[in-house]
Amino acid sequence: MRLRYIAFRREGMNNGGKFPHRDACHVLAGIRHRTYSAYTRGIAVHCFRRLFMIRHDVIVLGAGLAGMRAAIEAKRAGVDVAIVSKLHPTRSHSGAAEGGINAALGNATEDSPATHAFDTVKGSDYLGDQDAIEVFAEEAPNDIYELEHMGAVFTRSADGKLAQRPFGAAGAPRTIYSADITGHVLIHVLYEQLIKHEIKVYEEFFATQVVVDGGQCAGVIAWDTQRGGLHAIQANHVILATGGVGRMYYGTTNAFACTGDGMSLAWNAGVPLKDMEFLQFHPTTLKSNGVLITEGCRGEGGYLRNKDGDRFMVGDAPNAMELASRDVVSRAEWKEIADGRGVDGCVMLDLTHLGWKKLQSRLPGSRELAMDYAGVDPIEQPIPVRPGAHYMMGGVDCDVWGETIVPGLWAAGEVACVSIHGANRLGGNSLMETVVFGRRAGQAAAERVKEQGDTGARIEASVLADEDRRIAAIVGNSEGERPGVLREELAKTMYDKAGVYRTEEALAECKDKVVELRERAKTLKIDDHGSIFNTDLTSAIELNSLLECADCLVTSALARKESRGAHSRLDFTERDDDHWLKHTLNWNDNGEVRLDYKPVTITKHQPLARSY
Amino acid sequence: MTEIKNAHFTTLKGAYDTEKMEATLRVRRYDPETKKSRFDNFTVTIPVTASVLDALDAIKDTHDGTLSYRKSCRMAVCGSCGMRVDGGAALACKTPMKKFVDAGHTITVSPMGNLPVIKDLVVDMAPFWQKIRAVKPYLDTRDADVPEKEWRVDPAAGDQIHKESLCILCGCCVSECNSMESDPDFLGPAALAKAYRFVGDARDKDTRERLRDLNGAHGIWDCTRCYFCNQRCPKHVDPRDAIAKLGAESFKEGFTRDEGAKHAKVFVDSTFKGGYLRETELVPKTIGPVNAIKDIPFALQLARAGKVPNPLSPHKAKDNDEVKRLWKLLEKEAKGQPRRATATHPDAVLGD
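Order-wise, the sequence lines are chains A and U.
Under my numbering, the first sequence has 280 at position 246, and the numbering climbs by one with no breaks.
Under my numbering, the second sequence has 536 at position 165, and the numbering climbs by one with no breaks.
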């Protein structure tokens with residue numbers, strides 16, 4: 035401790051508010067200024083004067099579960115890896131996951147990876163790639179044991195094993211959990227491992243561009259939010275793990291940070307986005323701010339009721355009832371509300387019959403959320419809930435190791451589309467996906483580093499200077515509308531016209547609106563012209579990412595003339611395997627979305643009708 | 372094209388209907404370029420369900436885009452938006468505005484304490500993270516004989532560290548820590564709660580070393596027990612309770628030489644013997660006789676001011692027997708508590 039303690043004192047923890055010293059690993063190119071006093075100049079001047087060049091073998095973008103897991107794996111393999119993240123790792127939205135993580139351990143009842151795989155394929159409405167799903171289900175149990183050995187505090191059953199609870203559309207109680215704070219526990223355990231493995235994290239660095247040089251990934255350019263200044267972070271391998279894009283919807287469970295940055299970065303680097311029309315709506319979110327009430331509430335026996343107190347799920351899923359797959363429950367709720375059987379735009383999640391003890395021991399977090407943000411105590415009153423945008427099944431097109439069509443550019447977690455979720459994701463599968471495919475991407479990238487060595491791809495100084503001019507132009511602009519205003523307009527448009535139910539007409543209107551918003555977003559009113567913690571600048575860049583993703587979503591949705599999983603068309607109500615059993619690809623064609631398709635991998639399970 | 376049934380299904384009617392209210396906030400600003408701070412007042416229209424964070428968003432989106440603060444999850448789990456609301460640290464997203472508006476009160480929002488301010492409501496968390504790193508915040512099973520499957524852990528053992536594992540590292544406790552104000556090197560409530568999360572973990576094998584380290588300078592005994600950390604913690608982690616548990620574990624491991632430990636021991640022994648605290652014994656037994664002699668001039672000063680009780684009177688409570696009975700009761704209860712649990716291999720069967 036004495037040693038450790040001296041170490042942290044030497045790092046200069048009491049620097050009296052001055053900026054911490056930069057790390058010795060920063061290698062400089064161009065002009066570097068170490069004086070932090072000259073902030074009174076215009077940003078265009080000093081931002082250009084403060085350009086940095088850094089080099090690592092592998093860069094992981096994003097520090098949620100997938101990102102941290104990838105970095106840990108790469109570090110273990112012995113390569114020089116660093117994380118670049120716009121948030122501190124524990125601030126990532128993986129931490130908000132509540133219900134649990136799926137792996138066929140068979141601790142509660144008999145279970146097997148094959149059953150897990152089948153449930154996932156069926157849940158995906160047969161759009162999931164079955165080779166990827168098999169890998170996923172097979173490797174999940176070992177990853178769970180590893181998380182447990184790292185120190186995750188999971189809930190135990192009486193025999194001391196990991197407890198497993200039932201979740202929607204799962205054939206067995208398969209979801210390992212930690213009360214209703216599973217994501218929180220996992221994000222902290224992986225952050226602890228980052229510290230243990232001494233992995234460098236560029237905290238609060240906002241990536242603005244993934245650079246491709248001669249067809250190879252060359253690294254990322256990132257803006258240092260805390261201190262200002264643009265960094266070219268050279269790396270032959272970049273793993274995207276930036277998470278989802280829920281903020282394009284008004285009612286969403288996603289954090290403010292979930293703005294699809296990684297999808298936009300990949301799209302602009304020439305990688306197609308896959309299956310973007312499939313966005314999952316979570317059936318139980320609060321009206322006030324979209325906060326998620328976990329599926330675990332229904333797993334523990336909660337009921338959904340309409341304004342007459344009827345359990346309306348009996349109509350759509352007479353067997354599974356409230357535990358049907360999320361798309362089914364969301365549609366049933368939406369229908370109840372739209373048909374006038376809701377209460378104030380919501381349906382009721384009734385937990386009152388579960389009793390104080392069960393609620394307090396199994397679902398304490400949900401109870402607190404309901405009390406804080408909906409003003410009801412679920413012990414006494416039902417919680418008003420409605421569907422909210424929750425999870426992007428689509429994302430960056432990649433293979434089972436996470437590699438995209440650009441060599442050296444990888445993706446894992448929600449930003450990626452491997453695809454194991456197909457048209458609809460099962461609860462508890464996303465946390466597991468981040469860990470399994472995060473590990474695989476980290477492992478594969480590290481192996482590639484060892485095999486190939488330096489590929490020679492570089493971020494040229496001119497590319498950095500161009501990006502610097504682009505950022506300076508955004509910051510320097512004070513004409514137009516504020517980013518927040520446009521973001522809200524986009525969010526309402528998407529929630530109204532590309533929500534749970536879709537039609538040709540609504541989607542066409544939505545597309546027009548998104549195109550219009552993209553045009554209006556070209557000049558944004560930025561009040562903050564400084565370089566230190568300029569959140570006005572970052573929200574402008576985030577808005578652009580959101581708009582690009584929204585464009586991909588709505589274009590693909592308009593083209594897909596069938597109903598499958600989360601994509602539910604009122605004008606094409608049936609699943610059409612003859613024409614549409616294929617993945618949508620969205621290419622970037624000079625800023626416009628160009629559609630393309632590719633086949634689904636089917637191994638064991640031929641498409642069947644899907645009922646619960 | 373098939374007939375479109377229920378086309379009205381595409382939109383949820385009344386999805387955005389909310390009652391609104393007008394709220395005024397006084398926000399502390401700090402401009403890193405001019406190094407000047409000031410207060411700004413803003414009046415915004417927000418939904419009645421809005422939190423302080425929503426109000427700040429309304430300011431940023433409609434009034435002043437230069438306002439900076441951290442935010443992410445808006446559901447009290449990421450720990451980004453710790454700031455002072457009316458002088459006490461809280462998560463902005465977990466603090467509803469309605470009660471202030473109803474009371475006609477203008478709240479003052481300012482950055483967290485004990486950490487350097489970067490801009491407006493944003494503080495430099497680097498010192499905070501360094502302290503977290505200093506307590507070796509990861510499980511150490513000494514890598515001995517790691518099982519193929521999960522460790523078997525009694526569910527009750529997991530409950531022992533449940534509260535500490537709720538911590539979101541927001542820094543609200545550190546912001547209000549009195550001890551850290553006078554000693555910025557004090558490890559602080561967040562890092563110590565994190566430390567207990569491992570000391571109390573049945574799987575961790577590094578307990579003794581951890582406790583030895585935590586008994587050092589700026590460690591657990593520097594806490595002044597003001598309980599502000601418990602009061603301000605938005606996640607009910609109760610860091611002070613974790614520090615108390617670390618103290619108890621330290622005694623069990625025989626770490627009793629720190630002045631703080633000795634001080635605590637005098638309290639315990641003295642109340643056991645006499646029913647209440649013998650203050651005359653307190654100083655020499657805590658800092659040792661030599662240092663106590665050095666402090667005699669100070670003691671005389673105190674005596675002149677009438678602050679020292681008569682050192683010769685027998686300090687014994689009237690109903691000392693009752694005190695002893697209470698002690699026995701407590702001891703009995705403590706014996707009933709399970710000893711620190713340990714994890715076992717999957718093939719082992721847990722005790723009955």
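Among the hints, a few may not be true.
Have a look at the derived ranges for each label pair, beta carbon to beta carbon [to be verified]: (1) A:D114 / U:K703: 26 to 36 angstroms; (2) U:D457 / A:S146: 51 to 61 angstroms; (3) A:R554 / U:D435: 14 to 24 angstroms; (4) U:P555 / A:R504: 56 to 66 angstroms.
Which chain A residues stay away from chain U? Per the calculated CB distances, all over 10 angstroms, these [said to hold, decoys possible]: (5) G129; (6) P147; (7) Y284; (8) G304; (9) I439; (10) K556; (11) W614.
Just so you know, the hints here were simulated from the structure itself, not pulled from any lab data.
We treat Cβ as the ideally placed atom computed from N, Cα and C, and that holds for glycine.
Item to check | 10 angstroms cut-off, C-beta based - Y284 of chain A kept clear of every residue in chain U | outcome: Since the minimum Cβ distance to chain U is about 7 angstroms, Y284 of chain A lies within 10 angstroms and the statement is violated.
Next on the checklist: I want to verify a distance hint. Is the separation of the beta carbons of D114 of chain A and K703 of chain U within 26 to 36 angstroms?
Outcome noted: 58 angstroms, violated
Next on the checklist: The output says I439 of chain A does not contact chain U. Does that hold with a beta carbon cutoff of 10 angstroms?
Outcome noted: 31 angstroms, holds
Item to check | Cβ separation of P555 of chain U and R504 of chain A, checked against the hinted range 56 to 66 angstroms | outcome: Distance hint for P555 of chain U, R504 of chain A is violated at roughly 41 angstroms.
Item to check | Status of P147 of chain A, Cβ more than 10 angstroms from any chain U Cβ | outcome: Nearest chain U Cβ is 15 angstroms from P147 of chain A, so the label holds.
Item to check | Beyond 10 angstroms from each Cβ of chain U, as asserted for K556 of chain A | outcome: 18 angstroms, holds
Next on the checklist: Is 14 to 24 angstroms respected by the C-beta to C-beta distance linking R554 of chain A and D435 of chain U?
Outcome noted: 21 angstroms, holds
Item to check | Cβ separation check - G304 of chain A to all of chain U, threshold 10 angstroms | outcome: 30 angstroms, holds
Checklist entry - Non-interface claim for G129 of chain A: all C-beta distances to chain U beyond 10 angstroms? => result Non-interface label on G129 of chain A violated, nearest chain U Cβ at 5 angstroms vs cutoff 10 angstroms.
Next on the checklist: Quick check: does the Cβ-Cβ distance between D457 of chain U and S146 of chain A fall within 51 to 61 angstroms?
Outcome noted: Since the Cβ atoms of D457 of chain U and S146 of chain A sit about 56 angstroms apart, the hinted range of 51 to 61 angstroms holds.
Next on the checklist: Does W614 of chain A clear chain U by more than 10 angstroms, comparing its Cβ with all Cβ atoms of that chain?
Outcome noted: 15 angstroms, holds
Of the numbered hints given earlier, the model fails hints 1, 4, 5, 7; all others are met.
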